[in-house]
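Participant: These are the residues of each chain, in order.
There are 4 protein chains.
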Amino acid sequence: MENSLGKLFTITSFGESHGRCVGVIIDGCPPGLPITEKDIQREVNKRKPGVSIADTKRVEEDKVEILSGIFNGVTTGAPICLLIWNKDIDSSEYERMRFLPRPGHADYTAFMKYGGFNDFRGGGRFSGRITATFVMAGAIAKKLLNLIGIEVLAHTIEIGGITAEPKGFDEIKENIEKNPVKCADLKAVEEMSRAIDKAREEGDSLGGIIEGIALNMPVGLGEPVFDTLEGELAKALFAIPAVKGVEFGSGFSAARKRGSENNDPFTIRNGKIVTATNNAGGILGGISNGMPIVVRVAIKPTSSIAKSQQTVDIKNMESASLAVKGRHDICIVPRAVVVVESMMAVTFCDLAMRAGLIPRVIK
Amino acid sequence: MENSLGKLFTITSFGESHGRCVGVIIDGCPPGLPITEKDIQREVNKRKPGVSIADTKRVEEDKVEILSGIFNGVTTGAPICLLIWNKDIDSSEYERMRFLPRPGHADYTAFMKYGGFNDFRGGGRFSGRITATFVMAGAIAKKLLNLIGIEVLAHTIEIGGITAEPKGFDEIKENIEKNPVKCADLKAVEEMSRAIDKAREEGDSLGGIIEGIALNMPVGLGEPVFDTLEGELAKALFAIPAVKGVEFGSGFSAARKRGSENNDPFTIRNGKIVTATNNAGGILGGISNGMPIVVRVAIKPTSSIAKSQQTVDIKNMESASLAVKGRHDICIVPRAVVVVESMMAVTFCDLAMRAGLIPRVIK
Amino acid sequence: MENSLGKLFTITSFGESHGRCVGVIIDGCPPGLPITEKDIQREVNKRKPGVSIADTKRVEEDKVEILSGIFNGVTTGAPICLLIWNKDIDSSEYERMRFLPRPGHADYTAFMKYGGFNDFRGGGRFSGRITATFVMAGAIAKKLLNLIGIEVLAHTIEIGGITAEPKGFDEIKENIEKNPVKCADLKAVEEMSRAIDKAREEGDSLGGIIEGIALNMPVGLGEPVFDTLEGELAKALFAIPAVKGVEFGSGFSAARKRGSENNDPFTIRNGKIVTATNNAGGILGGISNGMPIVVRVAIKPTSSIAKSQQTVDIKNMESASLAVKGRHDICIVPRAVVVVESMMAVTFCDLAMRAGLIPRVIK
Amino acid sequence: MENSLGKLFTITSFGESHGRCVGVIIDGCPPGLPITEKDIQREVNKRKPGVSIADTKRVEEDKVEILSGIFNGVTTGAPICLLIWNKDIDSSEYERMRFLPRPGHADYTAFMKYGGFNDFRGGGRFSGRITATFVMAGAIAKKLLNLIGIEVLAHTIEIGGITAEPKGFDEIKENIEKNPVKCADLKAVEEMSRAIDKAREEGDSLGGIIEGIALNMPVGLGEPVFDTLEGELAKALFAIPAVKGVEFGSGFSAARKRGSENNDPFTIRNGKIVTATNNAGGILGGISNGMPIVVRVAIKPTSSIAKSQQTVDIKNMESASLAVKGRHDICIVPRAVVVVESMMAVTFCDLAMRAGLIPRVIK
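Chains as they are written, first to last, in our numbering: chain A, 17 to 379; chain B, 17 to 379; chain C, 17 to 379; chain D, 17 to 379.
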């Protein structure tokens, strides 16, 4: 296992879905940054299931506790430990499924890799619940990025094949707070909600696409040739369960464009060099170019579904069928929005520190 | 800069496009592996421009030299240094363009990040030529993977919007050797070639998509939660200049599927657990599941084009136009095929070593 | 700050002396290892102040809790979080000394490096209390090492200039349990105890030397040229506050020997290659040679003393004098014995895993 | 093997004693630093055997070549590759000794760890010749440190039991250039020289102690709790073959002192906080305190000696005797002086960058 990410701003995730807690250590956060449990709680709450639409029924308080690294409300330079105690746990269903790996889930590979010793309850380390640790770390990363003006935002742009109309940054920011699918196109929201309801009725699930945006990026984040901005960000995003694709700027559609279309012409605006278009998604040569970062993340449909599926009883090595009961999101896209934001923030923090863009002591 | 990749099988790339050489250190290769310069040369030759279709006109011998780590034709456990001396260099064009960053290229970000001290000739560290160092490392990685049966293959599946029909592994392997675009669908090859010719005539360029496949993967590669197989592979692939998207298995199309369609049912075949479909691209929970790895990589159109483009003279801060002369690939997709293969091999080697699947001494 | 150590067996320490807790994450421990809180408690208890001789008066229960990574009493492969809640804390004295750095202590450098934001209470991250996190990690490391037969032992060989007579491994093991200074020479123990008493009366403190031994080492631990066994072990040992020197085998006295004396002749014993002497301390070329590892660690006298000392009021930038009240060890050597053992165990685990000598799954 | 050192200023060593070359990659050096081959050559020349006293007879030109990372005489931010081609190689003696491991040398452990595939000629990777790569990296590190005023110096303080009288920094600097043993006490130099001559006549070898000093250190180098200044420096120094002990400030003698003696009182000098004494060797809590760094390194006597020694024929598993012919230093201490300096410089550079004390671009 490798549960640490980042070189100078390093997060280490721990805990299991049905264990005592989930938590994260943030090492490398400069001293002098004001942080309260409320700041982190606010972010963690965004990960909570929405009103009724796209949610697991597991309702946890998910109360954040600061265990170390913050003194008198300010970071000290010491490692910050943030923790959420697990409550409201019912593991009975998982005992039943222990040797029946859910199709599309990590049950089979975890069993094989860890010799059957992995904590299988609720998916253990492979549960979406682990992303709560990413969000806690992201809360601190966002605070740090704010100091240098960087703003990170993610939103749902597609669910179940229904795509949202493009909107401006401010409209996105405002609209996603108004609806449980975190989509800026309020017309699409209705369709998406209906699609989720339909999938629920049919015991099925939906996937979608999340777009992440970062504004006010300085030039210079990214450490080529290997620790490129795209590469580091993609690695961080693929740590989110269910992510199966990542693209930047024009992404896969760039493959169909000509150079003369896809290249972003340089121009001068307000005495600053900018590009007239942003097919590059704000990244050239693996380094931020000062334009908004644009990244899109493909989320596969939730693998746990009520419909009966074919699997194998790995104890007796015989065919079996499985219908996953219990509480599962029909579509995790809305809840993953803040997770995408968090992984963006964590990655930018690390690269900004590596580029010397964040002070060693906050004053 | 960060020019090392991998935790146990570590490659360190160095050199510039128009400097004295490009080279790579491979640290962590187990002792006892037979390697000759020929083995590496064969791979490097695959990166050479094709017959006439999709190429730069720079013709380099690109002769591989082993400087260290191999003794009596066998690896010793010491770091392996592989080197190609640069020849046939004409940097005059780059002097002219020094302060005229090419749209879509790293010229601007490199200038800003490195304070104008970067070696700008031929793109310096940001040249596609640097991928020759990836291919040299990949040659050794492939040899190691062969020991445990893993076979890695990449091929062109789309150029300029023209898509290839899907083919079986053996047909792909055979057909891509027959044509300069490295595509298994020989009918599509003709269209792709024509499209490249047309783009050349118009002073423009094309992008495309490469698919990478790995067969005979053992279960267990990937170290969640952060060093997932997807994450590590994506990071390695985004180090290839021009890559703007990476997806696994059903990838972005998974976003439009339902769980019941996208989940791969488990079944037993020849006493082994397999999945009936492979929408997961061989990866569940960030860990290989024993099915073929399937990854697709979006390559943007070459940014250097003959057509006139708008840019900024960054010395005088005024608008300028730029038509890139010199020798440039119209479409780098065919040459990038072996680079994708190499980065896959390097990543698998590192993860296989981390999973304890490659012996510490080869016997 | 950098609070992680180890490449494959990685420990991450967190917490402060007077904060809520001290804790450690162990990442990379193979699944299948039986571990109970008792196993860890036993080791942590060894760090407790001895009967009356060499101790702080702070009496904490120091009860170990397992927060993650262990399921049904067995490691799962997931990161293990171990925690001790802080109790019995009186920080009043530290408020008084906040701007009066104690000579010989980290107060001054921590204040400067962390811009005055560091948690100064009880030394914060620089307290000896942090070594409890090393001991918790060491408890797990020792368990792993036992699987491959390695036994690690440390003992006091010098305190306040009083040196112990050399003893055999078994005698050391037996005798150190019998006395609070953890010295195998029971005659020296009496003198050492008297010296400690005398220093206490005079408001002063003592240092000493700890020797660490490891038996049944396999050949091959150590990854030259930089991650040598000596280098990795020294780095780990210098993380223990108060360590100012580390030597292996004949160590500094080797500097006065001739090659013919210092070289250990190879010979065959029971069909196995061994050395007739062990001036190398079990390490040749940075790699274990199968002989016992012998390392010695110089511990400076405790910097917090009751005697008045000269310091500077860093707020007002004026001379000041300081007599440290409160509870402090007169000599930390006895309590550091288990910490030395723990850092040895942690280092050996990491290097044994890197050398492929510990299975990926324990069966 | 692990041949990279440093987190932000990273050096990667490669090459073998009797292979084609020895070389080093420096990754992370900021752009804008003027560097010529002469700068590096000057340092490498200091490693050359002295006039006649303490040397191997192998005489190599050791001409440094810059292969990458420097453009128009200035660093570019890209990885710097420095190389020395091997010449004047006679490997015949090593063929004879292939299965006769030299006592005190890495022959045995290298053979075992690398399955007999290691390049045994001249010790391969375990030769003192590898330290030439450290010196090349050190040359660049020293240049960087000079920018922020740090000066690093090492000198011989003991050879064969003969100890030098302490001298001031300037006298050391001046005197060590005047004599081949690099000792500042010119009287001791004579005795040391005679002792070396005597050892040579007797077919034996000598060890000694080197002291390293760094002036004008800023406060704040060192990243506790694990990447302490002592720990990082010790790890780097133990990479030098023959080093068996490292101590800081009062070091092992601190173990015999009382707190009241060993603590360095703080005082104000020229408006700056300093310590009245420097028993801490410039380091408190693993962080530089602004006083001179003082480190001492124990060098064991050269293991290759002309005298006959007992060993084992590892092919036939029988006792054997071995007298090492060929060219070997009687005492490597003088040649190791610049190597100690280099490892200090490399470590300080990395820690200074991590503390944000070196600019990202040199202007």
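None of these hints come from the bench; they were simulated from the model. Quantities reported herein were computed from a predicted structural model and do not represent experimental measurements. Mixed in with the good hints there might be a few duds.
Just so you know, same-sequence chains aren't split out, so a pair can sit in one copy or run between any two.
Unchecked claim - Simulated pairs of lysine-lysine, DSS-like, Cα-Cα distance not exceeding 27 angstroms:
| id | residue 1 | residue 2 |
| --- | --- | --- |
| 1 | Lys-341 | Lys-273 |
| 2 | Lys-203 | Lys-331 |
| 3 | Lys-64 | Lys-379 |
| 4 | Lys-214 | Lys-379 |
| 5 | Lys-62 | Lys-214 |
Participant: For which of the previously enumerated hints does the structure constitute a violation, in increasing order of number?
Facilitator: The structure conflicts with hints 2, 3, 4, although it agrees with all the remaining ones.
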